[in-house]
Every structure is written in structure tokens, then in C-alpha cells.
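Let chain A serve as the given structure and place chain B on it in line with the hints.
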Amino acid sequence: MTGCCNRLAWLLCAAMAMAPAAGGELRGSWQGYWLARSAAQAGPLAQAHALLPAIEAAPASSGVTLAQLQGSAAWGGLQWHADVVAQAERPEGGPGHTQATVMEGYAAAALGGWQWSLGRKVVGWDVGYGFRPNDVVQQEVRRPLVAVPLQGRPVLVAERYTQDAAWSLVAVNPTAEGSATGAREPALAARWYQRLGALDAYAFVRWGRRTGGSLGAAFAWVASDAVELHGSLRHMARFDTWEDASAAPGALALASPWRAATGGAAQQALLGGTWTNAQQVSVLLEAWYDGTAPSAGQWRQWAQRGEALQRMATAGAPPAAVAGNLAWQAQAFNAFASLRRQNLLLRSSWTAGAWEPALDMLYHPEDGGRLLTASLAWKGDRWRWEGGLRASAGPASAVLRQLPVQRQGYVQTGWSF
Amino acid sequence: MSLALGKHPARLLGLVAAALAWPAVAQNVDAMLRDADRYRTGADNLQVDTLVQSYKTDGSLDKERRYTVFAQQDRRTLVLMQSAAEKGQKVLMLGDDFWLLMPSSQRPMRITPMQKLLGDASTGDIATMRWSGDYTATLVGEEPCQPDEARACYRLALQAARKGVTYQRVELWLARQRHEPVRAQLYVQSDKLAKTAHFELDASRGQVDAMVLIDQLGQQRQTRIRYLQRKERTVPEEWLNPMFLARSPVLE
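Chains as they are written, first to last, in our numbering: chain A, 496 to 912; chain B, 504 to 755.
Do not take every clue at face value.
To be verified - A short, non-exhaustive set of chain B residues, derived as facing chain A with CB atoms under 10 Å:
{"hint": "1", "residue": "Q575"}
{"hint": "2", "residue": "R578"}
{"hint": "3", "residue": "L597"}
{"hint": "4", "residue": "G598"}
{"hint": "5", "residue": "S608"}
{"hint": "6", "residue": "T615"}
{"hint": "7", "residue": "L720"}
Worth flagging that the hints you see were computed from the coordinates, not collected in a lab. Quick reminder that beta carbons are idealized off the backbone N, C-alpha and C, glycines included.
Chain A extracted, bound-state conformation (with noise of 0.2 Å):
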């Protein structure tokens, strides 16, 4: 499959190249990152390194270069569209790979008083900053440490334009498995786009071939010359989930205990707001709700079963079973969007000329545990530099204080060409 992906995205280079000639346009840019992670000293996989020290504490530190080449041009009647990416990794200690991906290939039509498009494609809906409950074609994953290219999803999209309303009609992953998960399900998604003055009010449903439907609702209004408010709403009759099917707390499981789910009926909800002043201040305020997230009462499960094997591996039972046991804890930690239901965002940036810092602080109010996160930009004729820390705070038993990696920074740096 890897080496369908690289040959099909060699071979889009190539076509790209010849996109000028035929009266297109081609882009591209160069960035490399390098993005250190410090293993925390507490924690499940922290426990589990103790216990057995094969396991690794943390994922390792790497380093990444990537090169992205976007074309354009009308052939055929059709205008397409390909952007594709050229990537090397090296994790500390580690081996290095390389890869090509497709991250969008395209065609588009105006056809009938709609717009088509077939093929991959990021399709980006809803408005909050840190949670979009209503992004449901491209499910892009919020807040990363370091931004990256998005790939696109394989779509069929049609879109009709008024002078002040529109209309998109998706199919998302027409051909994939109907047991695929999360974003890989295959959807069918709508959104409706109204202006209303001052404000943009949006209203989105999907149906997923398994988890079936949800109705979803957002605003966005320009309150004042410096503010702006944001909201969204989702209600969904299922969703794909993540459950531990540990036996009991206090046994030891052969295999991984965390099993795909679904879950039943569950809301998402967000309310931001967004405040610039002339010297280019901005503050940003988010506050939302994940339905889908594990509840208070499944985390303190979590944390149950944590002592129960922690006592295990004293009570003497074998050291290799327990550090498994805890090192499959932690894969709790990538299964949900969200890691708590009730969230809070705050983040302020400055762009002073050619420089941008900024602070931003998640909050989670049901166990006090914080992420900050502090970055520096700085934007040139072509180049620019990026650099930031991440790290963990709040009590020791907050979710937040039990990741593998609670202290992390980034260098970056990019060209466009």
C-alpha cells in the first residue's frame, strides 16, 4: 500500500511539473522540524518502563523534513488539482524512513448550477479553534504541537452557491469498508451556510454507515469592531468509541484490553469568543463539552485499575505481565478527540511585525489538570522560523499529569518556493 501511495505520488510530481506549461500553477514549500519529547517520570508507561525497561517511557524525539508540491491546471474540460507530499523522519536512536503521500488529488467541474468535486480533498467545517464538533468530512485533529500538511479524505462533493447562502452535499470515503471507524467511516454529510449579517449560522447533518445520524448547528457573529463570538452544537445517535474490557481491575490481561465500541446517543458543545485590539492583541476564549470524551467515573476506573497493577507488581505477580498491563493503560491516551468532557481554552498571541508569541492554556475543570503551551513565530519574505514548549500541569492525578510525555518543544523552520 505505502508503495502504491509513493509511486501514485511520484507520478503526480511529475504531472505537476507540466501544470505552468499547460497554463496552471504550481507551488511549493520546504520546512524541517525537529520536535524533542521528555519522558515523564509518572504515569502508566513511566511505570511500565520501571517495571520493564523494553518498553519505551515515551515516543522517541525525531526529526522531520518535508518538501510539498502543489499544482493546478484545467485539462480536459475539468480543472485538477494535486498536492503531494515528500517526507524523512529519524527518531532519536532510531532508523529513518521516507515516504510520499497524496494529500489531495482532485477534479472539479461546474456542472447543472453545482460545483463538483471528486477525489482527495480536505473539506474543513465549523468554527471554534480547539474543538469542532461539526468538522465531520475531515475530522482534522486540533491543536497539534507542530502544524503539519493535512490529507485530505476521499470525497464526492457537490456545492451550490447563492448570493448569501450555500449549500455542500459530501460523500466521504465512498469506498471504504463499512466496518471502517472514526474518520474513515463512510458518511454521507450536508451543510447548510447562511449569511444573516453579522452573523454566519451554519446547520450540518450526517449519516455514518454504522454509527448512523447527527444533526449539528454552529454561529459565528462579529459583535463589535474587536469581537467576535462563536458557537456549535452537535447531537449524534452513536459514535465510535474505545472501551476497556478488562476483566476486573485486579486481573491481568493477555492482550490489550481496549476494545472499539460504540457508544450511544451524546452531545458536543462549544462557545468561544475572540477579542483583537489595534496593536494587534488577540485573545481567544473557548469553553466546550465532549460528550464522546470517557466520564468522570470511567477515568477513576482508569486510574483503579493503575493501583491495582502498581499493587500487583509489588504483591510479586510477574514484572513483565504488569508492565504490559500498564503500557496498554496508556493507549487510552490516544483513543478520544477529547481526553475530558468539559474543557477550557485560553490563548493570547501579539503579531509585532515579523514576530508572533504566544501562550495558550487547556483547562480541564474536573480534575484541574492544565496544558500550556508557549510559541514564538517569526515570518520573512519566504522564510519562516517557529519554536515552542509544551508542557503538563495541575494535581498528580489529573489525566494531563499522566501522559507519557508531559514536557515537549519544537524547532521549525519553512521556505516557500
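Structure of chain B alone, referenced to chain A:
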């Protein structure tokens, strides 16, 4: 003063004539503003290819940016960023409402008028091609076109008539005969002088060729906005729909 005028009867006569003509000039201030706009636009619907050059405080070139601006009637403007570092970014302005699209997300975002004030030359500087309709003008009087120049200009005080304009107040100097813009002082909402502007005219085409902005809030950095090409162009209505921003640039 009277002694000096007595020595120069021609100057005295000129002042008397100007005083007599003053009410007519004051009444035509809106027409003067429309005349000034014509030097910057030339048509109701147009496409303008723009080059923005930002200079460091030592006068050396810092960076260059290219934009394509579709300025359409009824205060509707679409700005496409064309430089390598910004390619794919788009800003749409419909009256007092603004949207931004960053190519990394393909998601049009509502922005406030304050968020439009980005960079040495804000999007508002690049996209705003007209004063009439956005500002209420009053004639302040006649003043030297430049502080060290004998030529007299009309000085107009423009006060924002809409909430979404980039500058709350503009002091504008227009040439007396044809009302072409000569210079301006641009004030933000706090009534601080944010920038001064000087207009360079291409006399053969009767159009403003460039606008030079000097930052007054920071380090007096200079930004030159050159209008490389203007042509009359009416874009399809759907281009002015905020959700259409996410369409691929090649469709344009």
C-alpha cells in the same frame, strides 16, 4: 499682514476670489471625493494586481507581496494572496463583514475589523480603493499640498460612515484643479495617527500608480503599494460567497 497684502494686490484678489468661491467648493465636497476615487479605481468593478514592498527602517527592502484584488460595486472585495509565502490565502470583504481563508485549513473564518489590520500594509490598505460611501467628508480649507510646498491643496476631513472601515478618520489633501489625491493621514479608532500616505500619480494615465505608507505608531517603516495593472472585471456572483473561498484557486 495687511501691509504685506497691500504690497501684493494680486494675492489679495486671489484670496477674495477664493472666499467668494468657498460655498460652492464646500457643496461639491462629495463630488471631489468621487473624483479622487476615480484616480484609484477607474471603474465600478475591477481587478487590480498589486505589489506591496515593505522596507526596513534603514531603507532596504524587507519583503515583497503580490495580491490580486477584485474590487466590485457595493463595497464587495475579494483579495487573493499571490506570493509564495502566502499563496492560497484569501480575504473577502462584503460591506462591513470580513472572512479569511488560510490554505492549510480550507475553512473560511469570520474575522473582525480589527483582525483585518494585519501587517505593515493591512488588508484594508490593499483592498480599500474608495473613500466615497465609506466616509463623510467635510472641507477643512486650503493648505500647502506638502508642508514644504507652495502649491495649495484642498484639505478634507473624512469621518467613517460605516463601522467596518479600516481607519476611523482620514485627513486627505486633494489637488485643487482635478482633485487627485496627494497625501493623507490615517487615524485608527483610538484617534491615534497610524499611518501617513502619499500618492504617486501616473499623469499619462490619470491614475494613482502607487501609495506610499509610513507607519506612525512604530518605527516609521515604509510600505509601498504599487498598482501594477487595473482592468475592468466583474467576477461571478458566487465568488463573493464566503463559502466559495474554499474552492481551489484554479477555479478562478
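Checked hints:
{"no.": "1", "hint": "Q575", "verdict": "violated (12 Å)"}
{"no.": "2", "hint": "R578", "verdict": "violated (14 Å)"}
{"no.": "3", "hint": "L597", "verdict": "holds (8 Å)"}
{"no.": "4", "hint": "G598", "verdict": "holds (9 Å)"}
{"no.": "5", "hint": "S608", "verdict": "holds (5 Å)"}
{"no.": "6", "hint": "T615", "verdict": "holds (5 Å)"}
{"no.": "7", "hint": "L720", "verdict": "holds (8 Å)"}
When the structure is compared with the earlier hints, violations turn up for hints 1 and 2 and for no others.
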